[in-house]
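J.: Sequence:
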Amino acid sequence: MISVIAAVIGAIIGAALGGLFSFSSENKKEKRLRTEQFSREYLDLDFIPIRVAVGEIRQLVSSGKVRLEFVAAGYWFPGSGEYFVGKKDQVTGLTQHQLLTIALGFYKRLGYAISKNLVDKRGLDLLSDLVWSATFIRDLCDEIERQAMQYGESKPSWLKYVRQTLKVVPITTATSINPGRPSSDSMHTDNNKDR
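Sequential numbering of the sequence shown, starting at 1, is according to my numbering.
It cannot be assumed that every hint is accurate.
[Stated by the list, open to error] In silico SDA-like links for lysine to any residue, alpha-carbon gap of 25 Å or less:
| id | residue 1 | residue 2 |
| --- | --- | --- |
| 1 | Lys160 | Gln147 |
| 2 | Lys116 | Arg34 |
| 3 | Lys160 | Arg109 |
| 4 | Lys167 | Ser115 |
| 5 | Lys31 | Tyr42 |
| 6 | Lys65 | Val91 |
| 7 | Lys88 | Arg67 |
| 8 | Lys116 | Leu33 |
| 9 | Lys160 | His97 |
| 10 | Lys87 | Glu69 |
| 11 | Lys121 | Lys65 |
[What the hints assert, rightly or not] Ranges between beta-carbon positions, derived for each pair:
| id | residue 1 | residue 2 | range |
| --- | --- | --- | --- |
| 12 | Lys160 | Ser128 | 37 to 43 Å |
| 13 | Lys88 | Asp44 | 19 to 25 Å |
| 14 | Tyr83 | Asp44 | 26 to 32 Å |
| 15 | Gly79 | Gly123 | 34 to 40 Å |
| 16 | Asp129 | Lys88 | 21 to 27 Å |
No lab work stands behind these hints: they were computed from the structure.
Note that the Cβ used here is the ideal one computed from N, Cα and C, for glycine as well.
Based on the provided sequences and hints, a complete structural model is requested.
T.: Spelled out as structure tokens, the structure:
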């Protein structure tokens, strides 16, 4: 009788451990696939016009030809009036503002996935590519929040997920690209402490 009970308990424990291992393996596989999906999307040829537009806007802001405040005005509701639209992309037919909106949506989706531990941060091979626009995106988020607060509006909820992405971008000396405005210390990432 005792051996039957021991066998049943052993079978239950074995089944539970096997199920747990199977679930863990499946979870890791899904996380890896989701991570690869983000990388493929960002590095895909269809995403190039988006990355180019972000780089062009970043350059316009850093050169002083366009004010960051003007770019940010189009990303919070109800906004402060006019905002930067930019030129139309010849491939997509979208304006630079629309392409930047798509880029911010990508940052938001990635940040959400990071915050919910749905992706493998170490497996995100696109992070080094995000460095090129990270300071601009960070400064843009700061300015969007500043403007919304200045006009008595709540900050857009998606900002927290964009910032979640920026927290894992491998930058050590990010400085503000907006002349005359300090950078946000809360967005600096020190990679040396992770090694």
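J.: Against each hint, give a clear statement of whether it holds in the structure.
T.: Each hint, compared with the structure:
Between the alpha carbons of Lys160 and Gln147 the distance comes to roughly 16 Å, so the proposed pair stays at or under 25 Å and holds. Proposed proximity of Lys116 and Arg34 is supported: the alpha carbons are some 12 Å apart, at most 25 Å. Between the alpha carbons of Lys160 and Arg109 the distance comes to roughly 11 Å, so the proposed pair stays at or under 25 Å and holds. Of the pairs offered as hints, the one joining Lys167 and Ser115 holds, with about 11 Å between alpha carbons and a cut-off of 25 Å not exceeded.
For the proposed pair Lys31 and Tyr42, the alpha carbon gap of about 17 Å is at most 25 Å, so the pair holds. Our distance criterion of 25 Å between C-alpha atoms is met by Lys65 and Val91, whose separation comes to about 24 Å. For the given pair, Lys88 sits about 19 Å from Arg67 by alpha-carbon distance, which is consistent with the 25 Å threshold. Of the pairs offered as hints, the one joining Lys116 and Leu33 holds, with about 15 Å between alpha carbons and a cut-off of 25 Å not exceeded.
A hinted pair counts as satisfied when its Cα atoms are at most 25 Å apart, and Lys160 with His97 qualifies at roughly 20 Å. A distance of roughly 18 Å separates the Cα atoms of Lys87 and Glu69; the hinted pair therefore holds under the 25 Å criterion. Taking the CA atoms of Lys121 and Lys65, the gap is near 35 Å; set against the 25 Å cutoff, the hint is violated. In this structure, Lys160 and Ser128 break the distance hint of 37 to 43 Å, their C-beta atoms being roughly 23 Å apart.
In this structure the hint that Lys88 and Asp44 lie 19 to 25 Å apart at CB holds, the actual value being about 21 Å. Checked against the hint of 26 to 32 Å, the pair Tyr83 and Asp44 passes, with Cβ atoms roughly 28 Å apart. Range check, Gly79 to Gly123: Cβ separation about 37 Å, and the 34 to 40 Å hint holds. The given range of 21 to 27 Å is respected by Asp129 and Lys88, whose C-beta atoms sit roughly 24 Å from each other.
Hints 11 and 12 from the earlier list are contradicted by this structure; the remaining hints agree with it.
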